[in-house]
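*Asks:* Whenever a hint applies, use it, and build me the whole structure from the sequences.
Here is what each chain is made of, one letter per residue.
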Amino acid sequence: MSGIALESLTSAFQGVAPATLHTCSRDGIPNVALLSHVEYVDSRHVALSHQFFNKSRKNISENPQASLSMYDPDTFREIELKLRYVRSETEGPLFDAMALRIDAVASHCGLKGVFKLLASDVYEVLSIRASGPNVPAAQAIPNLESRVSMQRALTALDTRMRSADRLECLLEATLATLEEIFGFRHSMILMNEPGERRLTTLVSRGYPKTGAGSTVAFGDGLIGMVAESCKPIRVSGMVREMLYARTIREESQRLGRSGIESEISLPGLTRPEYQLGIPLLAGRELVGVLAIESETAFRFHQQDKEYFEIIGSYIALAMRNMMFLEQETDSWETERLPPKSVPAKPSSTKPLELAYFRADECVFAQGEYLIRGLPAKILWKILQENKTSRRTEFTNRELRMDRSLQLPAIKDNLESRLVLLKKRLEEKCPDLRLESSGRGKFCLAFSRELLLTEKP
Amino acid sequence: MNSKSPELKLLREFLEGPNSTHLSTRNASLTPQGTRVWGISVLEDGKTVETYLPHFAAEAILADLKSNGEVALLACRASSNRTLQIKGRFLKSFKLPDSEKPRLEKYWKGFVEDLNIIGVPNEFFAGVEIWPCVAVQIEARDLFHQTPGPGTGERL
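Protein chains in written order, with my numbering: chain B, 54 to 509; chain D, 6 to 161.
The hints are simulated quantities; they were obtained by calculation from the structure and are not laboratory data.
Every residue, glycine too, gets a C-beta built ideally from N, C-alpha and C.
Possibly wrong hints are sitting among the right ones.
To be verified - Over 10 Å on every C-beta distance to chain D, these chain B residues come out as not near it, computed from the model:
id, residue
1, G145
2, D218
3, C222
4, G248
5, P261
6, G272
7, P285
8, P404
9, R411
10, A412
11, Y422
12, R456
13, S457
14, L460
To be verified - Taking CB as the label site, the calculated pair distances span:
id, chain 1, residue 1, chain 2, residue 2, range
15, B, V139, D, N121, 34 to 40 Å
16, B, L147, D, R160, 31 to 37 Å
17, B, V139, D, E49, 43 to 49 Å
18, B, E359, D, N121, 55 to 61 Å
19, D, N127, B, E406, 49 to 55 Å
*Replies:* So, in structure tokens, the structure goes:
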């Protein structure tokens with residue numbers, strides 16, 4: 054090979070612009086095709102996605118020589134690889150890794166089963182040649198490691214996470230650090246709902262609405278695919294990927310192919326250029342998913358993903374520990390925190406109308422949906438307690454002891470449900486608040502008269 | 006000229022648009038090679054196309070073309086993924102005169118704007134030298150639908 058090492062080109066595998074594959078038939082007719090994905094395998098091999106390029110596949114079966122052109126987003130050079138076909142893989146780690154990324158985009162666009170990887174075609178790299186501009190390093194797009202001191206960033210994250218005394222503080226400190234130290238402005242943490250095969254958004258940062266309480270089913274979109282596979286997924290050039298998938302859907306519809314689901318809406322940014330989903334794994338247990346988005350093109354590199362896998366494990370363990378800690382200490386007398394003040398001026402002088410729909414287990418505020426499920430039952434319980442006894446202080450322990458709430462015996466995720474309830478109230482019903490008054494304690498605060506109605 | 010050659014005039018608007026265009030050749034050992042080219046023009050006969058080779062790729066590509074003449078040319082509109090592939094034979098090449106430079110610059114500007122739509126930043130192609138270049142004329146023999154999807158590769 055030339056003096057250029059294949060491993061030095063990992064940025065080029067992000068697919069800034071589609072790669073092109075040049076092949077030639079046995080009878081000497083060249084062919085050129087656009088390629089969805091190129092994967093680095095090792096220092097002498099790459100793998101190409103086999104989805105639709107049928108003529109290229111036929112040519113390769115007749116003549117294993119190929120030439121691949123791709124683009125390096127760091128130097129803006131065109132890279133040409135001379136290749137020789139070696140084998141196709143339809144299972145195993147390489148195939149799974151390539152298929153996962155393709156499946157995530159397909160799921161996001163409602164194309165599961167139509168837009169899929171048929172095989173990972175492995176090629177030996179015979180030579181590498183770079184041409185075109187060679188932009189000075191200062192103009193190239195830096196990776197995470199060159200933007201921030203990783204040691205400093207990880208120390209800052211560790212310090213902030215250690216100083217959090219409750220789950221809510223831990224989650225918010227994590228996302229704040231991702232923005233302030235790492236520079237990632239758009240992020241969210243979703244909690245796994247054990248036994249439900251779905252995730253619920255607990256906290257987010259950088260969006261007009263928090264989205265607290267929104268759910269993603271396992272297997273749906275990038276986040277759902279991360280949960281289903283328990284593996285990180287990184288998609289750069291997201292707009293191009295979505296456009297590519299939508300084109301395939303339109304072509305499939307034109308040809309009358311079936312199996313197309315309705316498209317699901319992407320949580321977060323309307324035009325993300327980059328999405329990264331990291332499973333939050335405590336051991337083998339999926340605690341949740343950390344999702345990061347960027348409107349900036351091609352900002353993440355392979356190393357960034359690897360750093361975030363480590364950070365994800367750390368966050369998962371910290372979340373799990375915090376939940377255990379809150380559960381263990383919710384009967385202790387802990388330092389009482391002064392309650393925050395409720396808004397001095399209520400948003401209205403009229404009573405705040407809250408309705409609980411028993412059959413659906415959901416609460417509406419002023420006729421608008423507020424929350425459903427266990428958080429709704431918790432809210433209704435404490436509102437009823439307040440109505441009958443004027444109590445404003447409650448403990449997590451008494452909620453755990455209350456059989457009417459039907460909390461699971463183990464891994465009840467009570468603290469995460471309280472975080473969710475608090476976030477929903479902040480967003481949808483700011484005149485009614487839940488405030489922490491110490492570990493395992495909280496108080497109810499409201500600035501308007503409450504009018505409670507229970508419905509079948 | 007082959008009387009069965011596809012009629013390209015109907016596709017002129019697309020082919021001459023701000024597409025991502027790629028040319029593929031092969032040598033005597035059937036080793037393929039390719040390069041990005043700067044747009045396509047459909048000539049008056051409706052069966053010949055002209056494309057524009059970057060100067061840094063011209064020597065190797067022209068060696069293949071002059072040795073066997075086989076060529077494939079792909080045009081893809083990045084913002085829609087609509088893609089066509091022309092296969093044909095090399096006719097001739099010549100250095101493009103300076104009077105054609107504004108036309109190529111206009112093509113290039115449109116191409117970069119189209120890439121902006123799909124999120125590729127301007128910087129990505131900022132350093133590309135599109136001039137000087139070599140014009141290559143190709144007699145179109147076959148035309149293929151190449152838009153990504155199950156029907157890709159259909160002959161038109």
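*Asks:* If a hint holds in the structure, say so; if it doesn't, say that too.
*Replies:* Evaluation of the provided hints:
1. G145: Consistent with the label, B:G145 stays out of reach of chain D, its closest Cβ about 25 Å off (over 10 Å).
2. D218: Holds, since 41 Å exceeds 10 Å.
3. C222: Answer for B:C222: holds, closest chain D Cβ roughly 36 Å.
4. G248: B:G248 clear of chain D: closest Cβ-Cβ about 38 Å, beyond 10 Å.
5. P261: Since the minimum Cβ distance to chain D is about 21 Å, B:P261 lies beyond 10 Å and the statement holds.
6. G272: B:G272 is indeed farther than 10 Å from all Cβ atoms of chain D, at 23 Å.
7. P285: With a cut-off of 10 Å, B:P285 remains clear of chain D, as the shortest Cβ separation is near 21 Å.
8. P404: Label holds. Min Cβ-Cβ 49 Å, cutoff 10 Å.
9. R411: 48 Å, holds
10. A412: 46 Å, holds
11. Y422: Check passes; 35 Å lies beyond 10 Å.
12. R456: 53 Å, holds
13. S457: 51 Å, holds
14. L460: Check passes; 45 Å lies beyond 10 Å.
15. B:V139 / D:N121: 34 to 40 Å: Roughly 37 Å apart at Cβ, these two residues keep to the hinted range, so it holds.
16. B:L147 / D:R160: 31 to 37 Å: 34 Å, holds
17. B:V139 / D:E49: 43 to 49 Å: Check passed, 47 Å falls within 43 to 49 Å.
18. B:E359 / D:N121: 55 to 61 Å: This hint is violated: roughly 30 Å between Cβ atoms.
19. D:N127 / B:E406: 49 to 55 Å: 53 Å, holds
Violated hints amount to a single one, hint 18; each of the other numbered hints is respected by the structure.
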